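Novice: Turn these sequences into a full structure, and let the hints steer you where they fit.
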Amino acid sequence: MFATRNAVKLGARSFSTGATLQSKVAVLGAAGGIGQPLSLLLKANPRVTELGLYDIHNTPGVAADVGHINTLSTVTGYTAKDDGLKKALTGAELVVIPAGVPRKPGMTRDDLFNTNAGIVRDLAKACAETCPEAKLLIISNPVNSTVPIATEVFKKANVYDAKRIFGVTSLDLVRASRFVGEKTGSVGEVPVVGGHAGVTIIPLFSQVPGLQLSDAERDALTHRVQFGGDEVVKAKDGAGSATLSMAYAGARFADSLLRAAAGEDVLEWAFVRTDLFKKEGLEFFSTYVKLDKNGVKEVLPLPSNISAYEQELVQKAIPELKKSEAKGVSFVAGN
Amino acid sequence: MVAVAVLGAAGGIGQPLSLLLKLNANVTKLHLYDIVNVPGVGADISHIATNAEVKSFLGAGQLAQAVSGIDLAIIPAGVPRKPGMTRDDLFKINAGIVKTLVEAIADNSPRAFIAVISNPVNSTVPIAAEVLKAKGVFDPQRLFGVTTLDVVRASRFVRDLRPSADAAALRVPVIGGHSGNTIVPLLSLASTPVDLSAEETKELTHRIQFGGDEVVKAKDGAGSATLSMAYAGARFADSLMRAIKGETVVEPAFISLAADTEGAQEIRQLGAGDLEFFAVPVELGPTGVKRIAPLGGEPSEFERVAIGVAVGALATNIATGVNFVQNA
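Chains A and B, in that order, give the protein sequences.
Residue numbering for the first sequence is 1 to 335, as defined by my numbering.
Residue numbering for the second sequence is 1 to 328, as defined by my numbering.
These aren't lab readings, by the way, just hints derived from the structure by calculation.
Errors might be hidden in some of the hints.
As the list claims (entries may be wrong) - Derived lysine-lysine pairs resembling BS3-like cross-links, with alpha carbons at most 25 Å apart:
#1 Lys92(B) / Lys202(B)
#2 Lys163(A) / Lys125(A)
#3 Lys234(A) / Lys133(B)
#4 Lys217(B) / Lys245(B)
#5 Lys81(A) / Lys217(B)
#6 Lys316(A) / Lys155(A)
#7 Lys87(A) / Lys125(A)
#8 Lys29(B) / Lys183(A)
#9 Lys55(B) / Lys104(A)
#10 Lys55(B) / Lys183(A)
#11 Lys217(B) / Lys87(A)
To be verified - Chain A is faced by these chain B residues, among others (derived, beta-carbon under 10 Å):
#12 Leu19
#13 Pro39
#14 Ser56
#15 Ala154
#16 Lys217
#17 Asp220
#18 Ala230
The structure presented is a predicted model; accordingly, all values stated were derived computationally and were not measured.
From the three backbone atoms N, C-alpha and C, an ideal C-beta is built for every residue, glycine too.
Specialist: Laid out in structure tokens, this is it:
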């Protein structure tokens with residue numbers, strides 16, 4: 001199973017993908033804990049033809065380093081000097097945004113809001129100006145708020161297209177798959193929907209064919225997936241949050257978009273603009289998404305046969321998601 | 001089904017290297033060892049849904065466990081260069097680190113393949129060999145200094161000069177050692193002929209030899225090559241793992257020429273003389289070095305001169321490493 005989801009072909013000595021497609025990927029926050037390994041994985045991806053690495057410092061060094069890898073793409077590192085952000089973004093097809101500060105033990109993703117909201121707003125502004133048609137892949141937490149922030153910024157600039165802004169939730173999918181696999185030995189895809197923080201993360205174990213879990217196992221696994229991020233923050237003991245696994249997940253989702261752009265049929269899960277829960281007053285939800293070269297081809301509803309337990313999780317998530325959404329929206333309105 | 005240990009897993013190279021190894025389906029066990037921070041790195045990587053089971057080992061007290069039951073040990077541990085430093089300047093610190101780590105491998109997994117990244121490779125590989133000899137477990141076919149990055153850089157830099165060249169497919173043999181002018185790229189023997197003027201050859205050769213310095217300078221005190229080194233290290237590990245499974249794979253490596261005394265003749269006659277260690281293209285197989293791959297032609301006059309220069313410096317570097325262990 002993993003072979004089909006492998007976003008990275010090491011060595012890339014011969015590949016038959018349409019490498020003639022020009023795909024520039026910009027990474028904003030490229031010198032950070034996630035940004036560096038993410039840049040490495042993107043450099044190794046033969047579908048990427050150009051990498052623009054931006055951060056407030058150290059990016060020329062990261063670019064010199066990663067640029068020595070003998071895959072197709074060219075790499076340039078930029079800082080704020082000399083319009084660096086604009087240059088990094090010019091011509092970008094995808095913009096991946098891991099920029100911002102990570103959690104320390106005891107913090108929720110929401111605790112990062114004050115610092116990261118401003119960072120994402122400013123970067124989104126630059127994207128709206130320089131590459132309004134690029135797909136935005138937002139990793140910076142709290143995703144449940146930073147995606148609404150980016151959306152408001154694009155609306156203000158009159159360049160908003162809901163097909164092109166994504167909150168990256170792939171790491172929750174990866175974790176769910178891993179934690180189930182550790183228990184059952186199988187490595188299958190586990191859909192995860194909702195949002196990207198604590199109780200808004202909803203793994204749909206009911207959708208994994210043949211998976212049998214007792215209620216206690218289901219509860220424990222659900223909790224573990226929801227707080228998988230905390231597990232790593234705790235283990236790093238102040239040294240940061242998930243970086244390597246997040247880089248992997250981000251690179252994997254970027255590859256999904258590149259494959260879709262090359263004409264493949266791709267089904268993914270991501271935090272996107274949807275009317276699925278409009279009645280409840282929600283504008284964003286992570287759900288099943290079909291991708292094409294424009295980004296979101298189709299937003300799919302949740303499967304009709306999710307369990308009663310999972311339905312309850314959805315209900316519990318909604319008020320949390322609404323709060324985060326509102327916080328993001330009013331941040332842009334007031335700033 | 002390969003068990004791999006990364007010694008120095010929480011460092012600048014170790015972290016991205018560990019990530020790439022976790023993504024390699026051949027790895028079934030991944031042991032991460034370091035003196036700080038490794039539980040966090042292990043927890044992070046363990047969340048990725050691939051085959052390898054990840055275990056973290058923290059501190060000298062857990063080193064023996066870290067290197068027990070492993071097939072391959074990769075060693076990026078140590079300190080990196082700052083601007084102005086040569087790889088030799090790292091010697092004092094890194095020599096001791098490598099000695100300790102290889103002693104533990106010799107005691108706990110004497111048949112493991114050992115891939116040394118810690119600089120200066122020209123000296124740390126001889127150190128490793130001396131440690132293994134002293135313990136009576138030295139197998140010249142199982143000890144490698146990782147020089148893959150020089151080969152990666154060679155093909156990349158050729159492409160920078162000739163954009164139509166397929167960098168990923170181009171193979172430039174790089175022989176000698178792994179620092180400055182001990183690095184000898186054989187551009188005249190590239191897998192696809194590259195038309196270069198004498199001036200271009202000189203510049204390209206210099207750029208490949210000092211590619212590491214380029215990154216140290218660009219990082220301005222923040223370190224040396226980490227991401228590209230992780231990539232190269234992972235590529236070498238992958239080649240070795242495929243070779244263990246039965247494939248024949250050619251990779252460059254800094255090895256003891258005793259691994260293939262017959263195959264070493266070509267390189268000895270070209271200038272390696274009676275040096276014990278030299279970087280050569282290696283045909284890998286299930287026992288490690290299967291044989292030294294023939295260069296496939298005669299080096300140019302320019303390259304012969306470069307080999308001569310390399311040999312002189314290498315002899316000193318090797319002796320430094322050997323003496324470090326013998327005088328310990």
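Novice: Would you mind marking each hint as holding or not holding in the structure?
Specialist: Tested hints:
no., hint, result
1, Lys92(B) / Lys202(B), "violated (32 Å)"
2, Lys163(A) / Lys125(A), "holds (18 Å)"
3, Lys234(A) / Lys133(B), "violated (43 Å)"
4, Lys217(B) / Lys245(B), "violated (40 Å)"
5, Lys81(A) / Lys217(B), "holds (19 Å)"
6, Lys316(A) / Lys155(A), "violated (29 Å)"
7, Lys87(A) / Lys125(A), "holds (14 Å)"
8, Lys29(B) / Lys183(A), "holds (17 Å)"
9, Lys55(B) / Lys104(A), "holds (23 Å)"
10, Lys55(B) / Lys183(A), "holds (17 Å)"
11, Lys217(B) / Lys87(A), "holds (23 Å)"
12, Leu19, "holds (4 Å)"
13, Pro39, "holds (5 Å)"
14, Ser56, "holds (9 Å)"
15, Ala154, "holds (8 Å)"
16, Lys217, "holds (8 Å)"
17, Asp220, "holds (6 Å)"
18, Ala230, "holds (7 Å)"
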